[in-house]
Amino acid sequence: MTLAEARDAIRAKKISSKELTGAFVKAIEGARPLNAFLTEAGEQAMLAADAADRRIAEGKMGALEGLPLAIKDLFCTKGTRTTAASKILGNFVPPYESTVTQNLWDAGAVMLGKTNLDEFAMGSSNETSAFGPVFNPWRAAGSNVNLVPGGSSGGSATAVAADLCLAATGTDTGGSIRQPAAVSGHVGLKPTYGRCSRFGIVAFASSLDQAGPMTKTVRDAAIMLKTMASVDPKDSTSVDVAVPDYEKLLEGGIKGLRVGIPKEYRIDGAPAEIDALWTKGADWLKAQGAEIVEVSLPHTKYALPTYYIVAPAEASSNLARYDGVKFGYRAPGVHDITELYERSRGEGFGAEVQRRILIGTYVLSAGYYDAYYSRAQKLRTLIKRDFEQAFEKCDVLLTPTTPGPAFGVGAKTADPVEMYLQDVFTVTVNLAGLPGISVPAGLTPTGLPLGLQLIGKAFDEATLLRAAQAVETAADFKAKPANWWSV
Amino acid sequence: MSVDKDTVRRVAKLARLAVPESRLEPMTAELNGIFQWVEMLGEVNVEGVAPMTSVVAQRLKWREDKISDGGQADDLMANAPEGEAHFFVVPKVVE
Numbered sequence: 000m001t002l003a004e005a006r007d008a009i010r011a012k013k014i015s016s017k018e019l020t021g022a023f024v025k026a027i028e029g030a031r032p033l034n035a036f037l038t039e040a041g042e043q044a045m046l047a048a049d050a051a052d053r054r055i056a057e058g059k060m061g062a063l064e065g066l067p068l069a070i071k072d073l074f075c076t077k078g079t080r081t082t083a084a085s086k087i088l089g090n091f092v093p094p095y096e097s098t099v100t101q102n103l104w105d106a107g108a109v110m111l112g113k114t115n116l117d118e119f120a121m122g123s124s125n126e127t128s129a130f131g132p133v134f135n136p137w138r139a140a141g142s143n144v145n146l147v148p149g150g151s152s153g154g155s156a157t158a159v160a161a162d163l164c165l166a167a168t169g170t171d172t173g174g175s176i177r178q179p180a181a182v183s184g185h186v187g188l189k190p191t192y193g194r195c196s197r198f199g200i201v202a203f204a205s206s207l208d209q210a211g212p213m214t215k216t217v218r219d220a221a222i223m224l225k226t227m228a229s230v231d232p233k234d235s236t237s238v239d240v241a242v243p244d245y246e247k248l249l250e251g252g253i254k255g256l257r258v259g260i261p262k263e264y265r266i267d268g269a270p271a272e273i274d275a276l277w278t279k280g281a282d283w284l285k286a287q288g289a290e291i292v293e294v295s296l297p298h299t300k301y302a303l304p305t306y307y308i309v310a311p312a313e314a315s316s317n318l319a320r321y322d323g324v325k326f327g328y329r330a331p332g333v334h335d336i337t338e339l340y341e342r343s344r345g346e347g348f349g350a351e352v353q354r355r356i357l358i359g360t361y362v363l364s365a366g367y368y369d370a371y372y373s374r375a376q377k378l379r380t381l382i383k384r385d386f387e388q389a390f391e392k393c394d395v396l397l398t399p400t401t402p403g404p405a406f407g408v409g410a411k412t413a414d415p416v417e418m419y420l421q422d423v424f425t426v427t428v429n430l431a432g433l434p435g436i437s438v439p440a441g442l443t444p445t446g447l448p449l450g451l452q453l454i455g456k457a458f459d460e461a462t463l464l465r466a467a468q469a470v471e472t473a474a475d476f477k478a479k480p481a482n483w484w485s486v
Numbered sequence: 000m001s002v003d004k005d006t007v008r009r010v011a012k013l014a015r016l017a018v019p020e021s022r023l024e025p026m027t028a029e030l031n032g033i034f035q036w037v038e039m040l041g042e043v044n045v046e047g048v049a050p051m052t053s054v055v056a057q058r059l060k061w062r063e064d065k066i067s068d069g070g071q072a073d074d075l076m077a078n079a080p081e082g083e084a085h086f087f088v089v090p091k092v093v094e
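Heads up: the sequence lines are chains A and B, in that order.
Taken in order, the first sequence gives residues 0 to 486; the numbers are from numbering that gives the first Met the number 0.
Taken in order, the second sequence gives residues 0 to 94; the numbers are from numbering that gives the first Met the number 0.
Just so you know, these hints were derived from the structure itself, not from any lab.
Some hints here could point you the wrong way.
Stretches of chain B that chain A covers, calculated by requiring three or more beta carbons in the stretch to come under 8 Å of a beta carbon on chain A [as the list claims (entries may be wrong)]: (1) 1 to 10; (2) 16 to 27; (3) 41 to 50; (4) 56 to 64; (5) 75 to 84.
Example chain A residues on the side facing chain B (calculated, C-beta under 10 Å, incomplete) [to be verified]: (6) VAL144; (7) VAL238; (8) VAL242; (9) ALA319.
A virtual CB, placed ideally from N, CA and C, is assigned to each residue, including glycine.
One chain only, chain B, in its complex shape (with noise of 0.2 Å):
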């Protein structure tokens, strides 16, 4: 399997991550380095193998369902790059 330049531009599309023209050709080759290396997973008999869900054997912890903590609207805002009382505050969005 190998990608080109097309699909890497839309990959970054969906990874939301702006990669500059000029970075799109190497960042090709970097990738199909990478895929053809991967490749050799094709050749191990997979079938009938449960794809692993967890490293280590455990069930999911339960716990009740009430409200534990809260009441941090200051420190949530504390590191916000743009905020204006409570609210994150982000271009336009809906005209």
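The following block holds chain A by itself, in its conformation from the complex (with noise of 0.2 Å):
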């Protein structure tokens, strides 16, 4: 079931948010193996669809009045448990809620619980996590080999893809919702930067965070989108934009739209159905009347080891905080203060956070700024300015989302710099600050998902939804994973 259509059976009184969110309740106890969840929020989601279930006879329905919702273990909870998937917040309880998921319950959403993902949501695979890997539902066809669901969103990504509720959030630093809802068969949208509220989601590149929704549509995207952006005095790098009806801008179709095709995105030694998802991609919005023109974005290789400077920079800014005395974690039996924050922190972070602690503080340091961390942000304006070259000639991009489908566990962990590229046609997004979704578009020769990534002008969601809506229904994916997971 989709949001969409949950949400008009709530209205038509054909179910009541009691039973859809039981019956939530009963799919995420049931599919534990997939270790999607973090913290599985039952009793509360029961209370709080009861309430919902009030006001819907009282005729005071918000928004998303009683739909059941995922939300990605990065997004701070008023008394509930939010660790980022790090042991060093792995008793944090948070006595505040950030704007986002205060929005959706504002609205009348219930919370289903807190999904998994990478440490901090520095990762591509979930496995980072410190309380172990997410599983993709899917699998490669006659094979039980387990698949990651993608990430650092990768517990969303299960969620909405094993159908363990209706629509969940996720945020992207460098692909975090995109990569992950690709290589799960859903759609993930990156609003622009700025558009969604920053306040209460665990820092981790503040440039670059930005939270959106992984729906099982695009129409349930730009329903989620409507109510998780806002312009909010918490966050000041939130931008003063009016927040439209997403919804009702998906009418009107695309006769005319221009679709760019950056050449810089067919890369070397990517698998044949890629390019040929992708040239699909083209005729279909050919077909339903848009033009579809060449462009160029010449810094694209620069992308991911620009993002490799600028955002373990931040990082290693933001996490600076964690240092075991005010919350989160403290190292046990030490003797002064210096060692209770080097051992704090050397035993509460995992070694991918560790890894780009170490770089960014490197690229920071006195002597490495100028050749590192401002060569980067140079080069970060250079990227940007393809952006707004290439938008002189078209509304929308179209490109791969991520350069294969969903990889074994434990198959691209021995080599940093191969995990990395799994971000390759993402990173360039958020360098830019623009907005970007992905749509299920096809299926491999061995049954897995891809998606096709479209990137639109800042602060126009609707046309890039508009868009994706076209790829969506020519695509008509329909497949689901076979269900090998429950209990």
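Combine the two chains into a complex, taking the hints into account.
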């Protein structure tokens, strides 16, 4: 069932929130082998559903009244443990609520639980979580090898793909919504930087982080974004642009829409099916009246290395707050304050987070700042300029979302750079602050989902969603993973 | 650019991160793999290019300089690893 279908059924009083929520609570309990949830909030969800049903009976309905959602465990939820999938926040219970989740609850939505992720959202496979990997509900035909759900929003991706919720929230710093959505066979939207408030989201790289929806359909993404987005006095980078009714703006088709195909996204060694799907996507849009134009984004190949300077630099600064003093993990048996800091952080952070703190500290340190950080910020200017020039010729861009389908658990953990390459098509969008969406578009010969990405102009999510719906309609992606996980 | 074990030890100290001696060697190799890869940024001519300071064109917001929130000491202490009344407790800092 999609979010829109559930909403309409609730409004028509064909189903109650309690019935709906109860079914998802049961599905989540039955899907524990997937490890998608770090905290299940079944009891609390049933209470919230009951309250929603009472409001529905009184005719006081919010936009998402009674609809059960999964929340990435990077959003602070008042009174519910929020871990960022790190040992250092293992017992952290926030005394406040993130703005994005508050917006959802104010609209009547119900929280089913908090989903697993890569530690501090650093990863592309959900394998850096301190609480174990998440398994993708999808498996290759005839295989029982466990695949990763992508990352960092891997738990949310699996929760959507395995029908453990109507929709989920994610965050995207370099591809963490779009990449998992693509390899898990559903829709993932990263809005424009500044569209959703970052208040109360555990910070990774503040100039890149952005919250967004992970949903079964493009329409559902439009519905979720309308409520998630807001101008927030608690986040000075949330931008004063009115939030339109994205669902209404889905209508109208794409006749005359100019779709850019960036030639630099054709990379050596990518599987042939990725290229074939990309061509197919362009044909689908053309058949619906769009005009296809070739564009160039010349600095594309520098985006990932730029990201791996900027993001760790910001992370090393953001994560300085975890020192074992005011909240979070504190190493036992320390003798002085320096040992308290060093051991709490050394024992509390996992390997990938430590690696990025070290990179960030190094590139910001005296003598290296100009060679690395300052140069990377200049590259970022050039990457953004590439997009501005491309958007003089087109309204949206069409690219693959990932360089391949879901891979096996443990297949890419040996070499950090190989893992980083997962984000080669998504990271440019974060560096330029633009909105991007992944839409499920086809299956590999072995039956694994692949996505196509559309990239829009800043704050033009409406056009982006309309183009995404055109891809969705033509792709007619109906495949579902076979249930092997139910206990 | 490449780093050696001593540099990694120094950076870990700057980052207040206890990295066990046995982890230094593999960590150095991992970091060098990453640094060699980002070297490619050196081939781009960035002369006259301004470093990005804000990804979305906007002026930083101003607000009136007055207290709008506070009085939440109990909430602030709720997650403290060690606390007493409204104080965070740490090992002795001053002799």
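Structure-based check of all given hints:
no. : hint     : result
1   : 1 to 10  : holds (count 4)
2   : 16 to 27 : holds (count 5)
3   : 41 to 50 : holds (count 6)
4   : 56 to 64 : holds (count 4)
5   : 75 to 84 : holds (count 6)
6   : VAL144   : violated, 26 Å
7   : VAL238   : holds, 6 Å
8   : VAL242   : violated, 15 Å
9   : ALA319   : holds, 8 Å
Hint violations for this structure: numbers 6 and 8, all remaining hints satisfied.
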